[in-house]
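Fit chain to chain and form the complex, with the hints in mind.
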Amino acid sequence: MAVPLLFGSVAIGTSAAILAWRARPNPGATPLVWLLIGQSWWSTCIVFSLSTEAAPEAVFWTKVGWIGVMIVPVAWILFALEYTGRDAYLTRRNVALLSVVPALTVLLALTEEYHGLLYVREAGVTAYGFVLVEQGGIWYAVAAGYTYLLAVLGIVPILGLLSSGATAFRGQSAALIVGVVTPWATNVLYNLGAFPNVGIDPTPIAFAISGVAYLGAIDRFRMFGANPAPAWRARQFLFDHIHEGVVVVDGHDTIVDVNRAAAEILDLDVDRALGASGSDLLPLNEPFRTDGERELLTIGTGSASRSYDVGVSELTDRHGETLGYVFTLHDVTRYLQQRQRLKVLNRVLRHNIRTETNIIQGYAERTSGETAETITQRTERIVEISEKGRDAIDLFEDTVNDREGTSLVGLLEWSLRAAHDAYPAVEFELEYPDEDAAVSEGLSVVVDNLIENAAIHNDGEDRRVTVTAAVDDDRARIRVIDNGPGIDEYELDVLNSGTETPLRHASGLGLWLVKWGTEVIDGSVTFESNRSTGTVVTTTVPVR
Amino acid sequence: MASKTNEPPVSTDAVAPWHAEVPASVVDAGYRFRDVLTYSSTYLVFIAMIEVLTVHLVLSLPLNPAPIVVGLVTFAVYVGDRIADAADDEISSPERSAFVTRHRTLLSVLTAVTYGLAIALSLTGGPLALAITLLPGCFWILYASDWLPSLGSYFRRLKRVLIVNSTIVASAWAIAVVGLPIAFAGAPVTPLAAVVFVYFLVDTFVNTEIPNIRDVEADEAVGVSTLPVVFGVARTRQILYGLDLSLIAFVVLALSSGVLTTAAAAAMLVGLGYALVLAWFVGRNTVPGRLAIAGEAKHLVVFAVLVFTAGI
Numbered sequence: 005m006a007v008p009l010l011f012g013s014v015a016i017g018t019s020a021a022i023l024a025w026r027a028r029p030n031p032g033a034t035p036l037v038w039l040l041i042g043q044s045w046w047s048t049c050i051v052f053s054l055s056t057e058a059a060p061e062a063v064f065w066t067k068v069g070w071i072g073v074m075i076v077p078v079a080w081i082l083f084a085l086e087y088t089g090r091d092a093y094l095t096r097r098n099v100a101l102l103s104v105v106p107a108l109t110v111l112l113a114l115t116e117e118y119h120g121l122l123y124v125r126e127a128g129v130t131a132y133g134f135v136l137v138e139q140g141g142i143w144y145a146v147a148a149g150y151t152y153l154l155a156v157l158g159i160v161p162i163l164g165l166l167s168s169g170a171t172a173f174r175g176q177s178a179a180l181i182v183g184v185v186t187p188w189a190t191n192v193l194y195n196l197g198a199f200p201n202v203g204i205d206p207t208p209i210a211f212a213i214s215g216v217a218y219l220g221a222i223d224r225f226r227m228f229g230a231n232p233a234p235a236w237r238a239r240q241f242l243f244d245h246i247h248e249g250v251v252v253v254d255g256h257d258t259i260v261d262v263n264r265a266a267a268e269i270l271d272l273d274v275d276r277a278l279g280a281s282g283s284d285l286l287p288l289n290e291p292f293r294t295d296g297e298r299e300l301l302t303i304g305t306g307s308a309s310r311s312y313d314v315g316v317s318e319l320t321d322r323h324g325e326t327l328g329y330v331f332t333l334h335d336v337t338r339y340l341q342q343r344q345r346l347k348v349l350n351r352v353l354r355h356n357i358r359t360e361t362n363i364i365q366g367y368a369e370r371t372s373g374e375t376a377e378t379i380t381q382r383t384e385r386i387v388e389i390s391e392k393g394r395d396a397i398d399l400f401e402d403t404v405n406d407r408e409g410t411s412l413v414g415l416l417e418w419s420l421r422a423a424h425d426a427y428p429a430v431e432f433e434l435e436y437p438d439e440d441a442a443v444s445e446g447l448s449v450v451v452d453n454l455i456e457n458a459a460i461h462n463d464g465e466d467r468r469v470t471v472t473a474a475v476d477d478d479r480a481r482i483r484v485i486d487n488g489p490g491i492d493e494y495e496l497d498v499l500n501s502g503t504e505t506p507l508r509h510a511s512g513l514g515l516w517l518v519k520w521g522t523e524v525i526d527g528s529v530t531f532e533s534n535r536s537t538g539t540v541v542t543t544t545v546p547v548r
Numbered sequence: 002m003a004s005k006t007n008e009p010p011v012s013t014d015a016v017a018p019w020h021a022e023v024p025a026s027v028v029d030a031g032y033r034f035r036d037v038l039t040y041s042s043t044y045l046v047f048i049a050m051i052e053v054l055t056v057h058l059v060l061s062l063p064l065n066p067a068p069i070v071v072g073l074v075t076f077a078v079y080v081g082d083r084i085a086d087a088a089d090d091e092i093s094s095p096e097r098s099a100f101v102t103r104h105r106t107l108l109s110v111l112t113a114v115t116y117g118l119a120i121a122l123s124l125t126g127g128p129l130a131l132a133i134t135l136l137p138g139c140f141w142i143l144y145a146s147d148w149l150p151s152l153g154s155y156f157r158r159l160k161r162v163l164i165v166n167s168t169i170v171a172s173a174w175a176i177a178v179v180g181l182p183i184a185f186a187g188a189p190v191t192p193l194a195a196v197v198f199v200y201f202l203v204d205t206f207v208n209t210e211i212p213n214i215r216d217v218e219a220d221e222a223v224g225v226s227t228l229p230v231v232f233g234v235a236r237t238r239q240i241l242y243g244l245d246l247s248l249i250a251f252v253v254l255a256l257s258s259g260v261l262t263t264a265a266a267a268a269m270l271v272g273l274g275y276a277l278v279l280a281w282f283v284g285r286n287t288v289p290g291r292l293a294i295a296g297e298a299k300h301l302v303v304f305a306v307l308v309f310t311a312g313i
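Protein chains in written order, with my numbering: chain A, 5 to 548; chain B, 2 to 313.
If we strip away everything but chain B, and leave its shape as in the complex, we get (with noise of 0.2 Å):
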């Protein structure tokens, strides 16, 4: 999962919409329900569960509550960042800055709901299992909170540390895909484990880069250090190719040595060759908003394919 998605929302075709001939108040009603699965980031909570199921099919873990408890800390996470960041994102994402603001007093509550709920629910799986749903929120506090700061001036928002950012987003995420199902079945690591785990890190840190692009401005008047803040557009579409490339390698060497299922591999490759397309149109394409949200999608690719592949 990247850290930031801003789909706009309005249409700009000259010629007449597909949906010309449905009722206004039911075409009014789509935008306004897409709109919340955008801004409030809703969309990436079913994305997320989809890669703990994949982890599932992966690891052929037995099915247990670390869908749902991933799909509440990426809800809460996530919108407790757009409620943080609201202020900085007027410049990039106005309309997403909009209704944070206009809805974060109920954002606020659900958010913490909702990780109330995961870490209730994730009592059932053993200290372990809490230890890694309390993982996301604290690298959350390390990652974008004030609280560092306040704590003295060799402190700054690791949010604005270059790569350091994106790689606490990665490690969070892919520790609690990966591991949570694993605590919740009490299974031991095994090094399938592992590869699912440096798959899920580095496809998760691309697809954090890949909405920096749109950010750039944004971040820079910010004081934020990424990829293309730094390198320029250019160079980050090449590192992206590079670390797709080496994932790939990586993938291929994990299935000639056997740790990795064929089916598994092929899914995982599919997504990767996914992932290098969608890096060539990095810095090239008019929308970037609907790149990022493509990236997130990829995870949807990888499980259909996994599905289809175990099938056979």
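Next up, chain A with everything else stripped away, as it sits in the complex (with noise of 0.2 Å):
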């Protein structure tokens, strides 16, 4: 019986090599071809060892065998890191390192009868005329102990695929494990003495159930087909390669990990950095917390300076025990820029435009007629403009400002009694929800300017505006209906594009602080027409 099964491994084993060199240069596939063709080889030689009479050819099938023998763990053990995408620690080195122990053995088998470390030598004759060998010596548990250790080695990256979300690498990884597994167990029980009537090594029958395994592995679970090499490559790939500066601690403020960027914002050789204290490295104001709270770091002086919005992340284990601690250095310094150019702005909009336009309107009443009043309105005009450029610069500090929010209900009622008091000819009237909610106070801007299109833009001698608010779970939603001449198709065409040229754009600020307001509160808004005339606006919003 076991003959058969010898020439059952060696076909598999061999079909399985030619699969799998055929998969190259696929991760994994070249040792894999090498542990085939090593376990094959195992088996070849027990099947020259069973087939001869004479002692002394038995003796040396036997000992050439030991190369294949060897050939498997290293293989094995290769294959594991590589098909899980840590052939990193693949380099000639580590290979020559790991290959030193089977080297060793294979000479000790060849040379056995000047040392006897580890013995080959003739046991007698089984009944069926097979030449029975013996093995052992100290050597012989070395060897033995050494591929045992390769085999579990290899099983630990391989055991992880196993709860992969993917079904091919599920596959992959069982059916790679009954491979390994099956002849090393069957080993072990060997060297036990748990099958003492076999007469010789079984575990080369075993790659039978392995090259089944491996077949399988390859052809129904796709293994060179859908590989997992690259998920272990991308997340050392992400840390070395992301913007961000990223720092990890251990939970006794040891440095234990810099990637590139956070070496060169700190200005730091990475191999002094492991090992230093963090609090040295990040000179921070306060001790950290991570509790979402940011804190900016600053590094250089004068304009070469750099602003760093540092965030803290907790590493714990599965009990829910502090391992250690995660910075991240964002890069804000242009932000920063903007936004102090943005204050600028601000003033010249709040204060200088203002006053110069007082100027020309108190010069314009000295005079009279027409043309002073022309000259009054288009100065008021281009003080509205610059409210509304003001508008829209309040809403982008406001919303990044706005963390308690503001009633929706309040925020309503305090928009319509403003415009009631700016367009008195216009009949307001306010539907209130079931219940008020937070929101945030860049809605203001949003429903101000809403109000007022509607009211601005209605030129008819019924003009009424509605608006109504519904809160739905975590969202508010706001209609402003009006029955004036609704939205031009082209100014919503310009809005919708979302940039303006010289040749194409709105009209005004208005619709355009609409916009950008819903965007930075993460809300949405859509235009629709009126059933019998005019515009209906609904805007979306989250609820705080």
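Hints listed in this document are in silico derivations from the structure and should not be mistaken for laboratory results.
Some hints here could point you the wrong way.
Claimed, not checked - Just the calculated beta-carbon pair ranges, DEER-fashion: (1) A145(A) <-> S61(B): 28 to 38 Å; (2) G120(A) <-> G127(B): 44 to 54 Å; (3) P200(A) <-> T102(B): 51 to 61 Å; (4) T102(B) <-> D476(A): 28 to 38 Å; (5) T102(B) <-> G140(A): 50 to 60 Å; (6) Y339(A) <-> A222(B): 55 to 65 Å.
What the hints assert, rightly or not - Some chain B residues close to chain A (C-beta under 8 Å, calculated; not the full set): (7) L107; (8) S109; (9) V110; (10) L118; (11) A121; (12) L131; (13) A132.
Claimed, not checked - Selected chain B positions facing chain A (in silico; Cβ < 8 Å): (14) V114; (15) I120; (16) P128.
Just so you know, even glycine gets a beta-carbon here, dropped at the ideal spot from N, CA and C.
The following block contains the structure:
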């Protein structure tokens, strides 16, 4: 029975080796070829050993079989590392180090008659005429231990794939584990004396099962068509190449990892930084917090200085115990510069334009007639535009600093009251929501402009603007309905395109403020025609 | 055996075909079967087994698993070659390339399994049989795969090197066809075995170059140097004449020195006469693929003559 299984093991093993050979250069293909060649050679040598009646020849093939025996564990660990994307460990030096014990083992097997450290000798003849070969010695135990060690080490990264979300990877890893555990479990049992009557080491027979498992992994689970190797590398790649600086410290404030960006930001030598104190390296003003609050770190002085938003995330084990912290350094220099520019613009819009227009209006009042009236109207228009510009700046500023939110009902009442004062000829109506909710203060800019737009462009005799509000779970929906002439399609097209050109632009800032305002507070806005005439604008915003 | 054959499957005859009375489904199935045989090179398996049986007869060896092993290896290596060259074959053999591309996965698994079976079976013949069985696969790796170029710029695919390419093919098959039955039988290598080896070596070389006539343009395009590419069709024909005539002289010499039996010499000479006729057709027939198949079929003629004369 053993001999046909050995033939099967060679047939399946070499078939799988050929398929793996063709799958090169996929990760793991080449080591798998060597693994399968190793196990097929081991089986082949046992077949030749069993085929001869001459004891020296049987001993010779058993000795030569050690080449295959020792190729298998080295190829297995190389396969496991390469297949799971840990090929960075596969340096020539490491492969050479891994091969020292196997090379010594083969050498000791071939020269065993001179030392006996690993003896291979005839132990009689079976009833079927097979020459029994006995193996042992101190080095036999060393070789067996080394083989089992590499087997276990190789299984570890493969085990990680058993919990993969991809069916193919789970199937591949399961097949691989069956493929490697079966022969080695057989070998352990053989060495423990579990098969006293077999007469040969049955490990190569078990290779028939592992060959089927490898074939299944290659063909059924597309081992070389869907490969998990990039996943492992991607994590490291992301850590190394992300634009944000990342510093990892352990629970004792010792730096355990630094990515390239952090090394550049902090002007560090990575090798020296590892093991140093995290507090010394990150000159934060206060002890770091992990409650979501962020701190600014400024490096350099003057115009060359850069500012970084420092985030801290706690790393915990599965019991919730603190393992360490991850510091992220996000470059916010450009953001801060832009905010500074907006502040200057705000001042210009708020004070300088109003002052200059006041002066112009003062001069205009000294004269009279149609020209003076036109100058006054136009300067008032300039003031309105500057106020909208200021609203736009405030919108972004307030929203950034707006953490608590404001009452939706209060916001709507205030907007409608102001509109009523500004446009007394228009009839305003508010339909209250069933319940009040907290919304971003930025919504006031949106609502103000929508109401103003509905009132100002309505030149009919019966001018009405209705505002309705509804709160649904985590969203608030505000509708502004008017009976005016409707918004020009051209204006809506420009808004939807998101950009303006000198030749294609909206007539003012009002609708832009509506669009930007809803975007800034993570809301949305839609425009549709009223049933009879006019427009229905629906704004949906998140509830705080 | 030659390395390349491709029989166009479509008949262009203007007259009513011979199978006009046969149901269309039967004709279709027949064509499909023929396509599978030719495009997958399965017919070469049968011819290779006949060659090994020829060696058995000439060397008076007992029947052993050698023909089966050679048949399995032939399938694995030739179909493996077809898979590797599917892209290159698009120019010279579009139908075969399409067939191989369509069934690539199945053919790939089949070739691996057949070679695995061949190796396992060869174990029953001992280490020498195993080594000979591995030889065509090793030669194939040297001959066709991209493994060698990957080792360095000093190497290039041996398939592209003039004479080396056909010699590698011929050597691998001559060693397998002659060596395996001897290894399985545990017989010694005699002068007769050496003569048979030379016959198969030169004959396979000639058969390898015949299909290269058809593939001149394709081989030139992919940088493969063959006799027709380098010397032209007319000069290639003359070289093939020379090789066949030299082999005839060699067989006659072996016969006259008593190494070769009359029956074996007669079969070989009939085969070589057949080869000379084929050489005349080189570059002169309109369907070169059929010429290549006719070259392979020569081994059937040799075997038939041998069985007939040995029977007498």
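Hint check:
no.: 1; hint: A145(A) <-> S61(B): 28 to 38 Å; in the structure: 53 Å, violated
no.: 2; hint: G120(A) <-> G127(B): 44 to 54 Å; in the structure: 30 Å, violated
no.: 3; hint: P200(A) <-> T102(B): 51 to 61 Å; in the structure: 54 Å, holds
no.: 4; hint: T102(B) <-> D476(A): 28 to 38 Å; in the structure: 57 Å, violated
no.: 5; hint: T102(B) <-> G140(A): 50 to 60 Å; in the structure: 54 Å, holds
no.: 6; hint: Y339(A) <-> A222(B): 55 to 65 Å; in the structure: 59 Å, holds
no.: 7; hint: L107; in the structure: 10 Å, violated
no.: 8; hint: S109; in the structure: 6 Å, holds
no.: 9; hint: V110; in the structure: 6 Å, holds
no.: 10; hint: L118; in the structure: 5 Å, holds
no.: 11; hint: A121; in the structure: 4 Å, holds
no.: 12; hint: L131; in the structure: 7 Å, holds
no.: 13; hint: A132; in the structure: 11 Å, violated
no.: 14; hint: V114; in the structure: 5 Å, holds
no.: 15; hint: I120; in the structure: 5 Å, holds
no.: 16; hint: P128; in the structure: 6 Å, holds
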